Amino acid sequence: MAQEPLELILFRQLSSSLAIPIFMVDADGDMAFLNEAAEQLLGVRLDEIDEMPFEAWTTGFAARDEAGEAPVESLPLVRAIRERRPAHGPLTITGGDGVSRRIEITAFPLEGARGRFIGAVAMFWEAATDE
Amino acid sequence: MKVTFWGTRGSLASAGPETVRYGGNTACVQVTGSDGTCVVLDAGTGIRRLGSALSKDLTRVDVLLTHLHMDHIQGLGFFDPLFRPGIEVHLWGPPSTTQDLRARLTRYLSPPLFPIRVRDVASDVHFHNAPDSPVDIGGLEICGAEIIHPGPTVGYRIRDGDRVLAYLSDHEPAMGGDIEARDAARWTSGVDIAMGADLLIHDIQYSPEERAERIGWGHSSSLEAAAFARLVGARRLAAFHHDPGHDDAAVDAIVAEAAEAAPEVGVFGAREGASIDL
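Line order of the protein sequences matches chains A and B.
Residues 159 to 289 in the working numbering are what the first sequence spells out, letter by letter.
Residues 150 to 427 in the working numbering are what the second sequence spells out, letter by letter.
These are calculated hints, taken from the structure and not from any lab test.
Owing to the predicted nature of the structure, the values given are computational and were not obtained by experimental measurement.
Don't take every hint at face value.
Pulled a few chain B residues facing chain A out of the computed Cβ check, cut under 7 angstroms [said to hold, decoys possible]:
hint, residue
1, Thr246
2, Cys292
3, Glu295
4, Pro301
5, Gly325
6, Gly326
7, Arg335
8, Ser338
9, Val340
10, Asp341
Ideal Cβ placement from N, Cα and C applies to all residues, glycine included.
Sequences are here, hints too, so could you generate the full structure?
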């Protein structure tokens, strides 16, 4: 597999040391990395996933907002990718472990030194547990 | 493609009897293509002697800067071609997020740090952001890529026919993760531009013990440089950017550590004045 852009390499390393859940996607929107805290909250393990393309993570966690099933285009990380600006919002998701959780998400795009779009990052935290 | 080392020291020039074998001048490497194209990698203090040695008939020279730390630009104001009429001097280097190369570099080449402004030199100076896709300079194909080092920093890959030189003078790939991990080729800085190089010129400033106390300073240990050379499958590794506090014996020891860690790679210490024909 080809080398990732420098900014993703550095953000991955930083994320590995953070306690707040981090989910990082590449310029195509495909999952590039999630840290241990994100593994716990999403109920999935990075080592057990070969890949998680855009279509998989945008639909795989049964994201719901106050109106019901959350449209893909409303997800904060998707907005960060498509609108190239930070986005924030609450969601309820069901993780790979079958547990539903209310989370808050802040997502932002990663642009390299020359303005090149590198990918995007979502940091999120649990608001409450609803099992 | 011929590679000549005019300065191999890192951080600060360190002339003296204790550094006479590897040299005391800071980073400067001349690359001469098989068609005679002349490219200079970095403008440390070593570039002063190179400038005096270049043919007066030269009509163009390209200086590829990896970054703008002083040990990589300090010699630029003493580069003889800069003051010759009738020659084009093309300066390449990384922009920052807010300033292009010209704005960044002229902060040094202007008062109060330097007496002469770039606009007042006799040569025809051109500024270019370091290429992030291949460009041809004469018969050489050049490509740059951002690599891990404090501040905007690039490494360069230079191809001449089927020969490849990779130059990563200041590089701390270990800051991005484990260079020897299963997925290291994907998650290690500099891999793309160094892959399969016939000659890899790479930062090897520290012993492992020194590096442990200088994490984040932007440089590599002997073992990290060796691991990186193995990762990219380099045929030869020129250990570069010697610490100014290391005498020749200390550099010998660091190079020997790298050679032992990467026996399949031809490891040697870059010495000022040495040339290699690829």
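Structure-based check of each hint:
1. Thr246: Status holds, d = 5 angstroms.
2. Cys292: This hint is violated: Cys292 of chain B lies away from chain A, its Cβ roughly 13 angstroms from the closest one there, beyond 7 angstroms.
3. Glu295: Holds. Min distance 5 angstroms.
4. Pro301: holds, 6 angstroms
5. Gly325: holds, 4 angstroms
6. Gly326: OK, holds: Gly326 of chain B within 7 angstroms of chain A, min 5 angstroms.
7. Arg335: holds, 5 angstroms
8. Ser338: holds, 6 angstroms
9. Val340: With Cβ-Cβ at 4 angstroms, under 7 angstroms, it holds.
10. Asp341: holds, 4 angstroms
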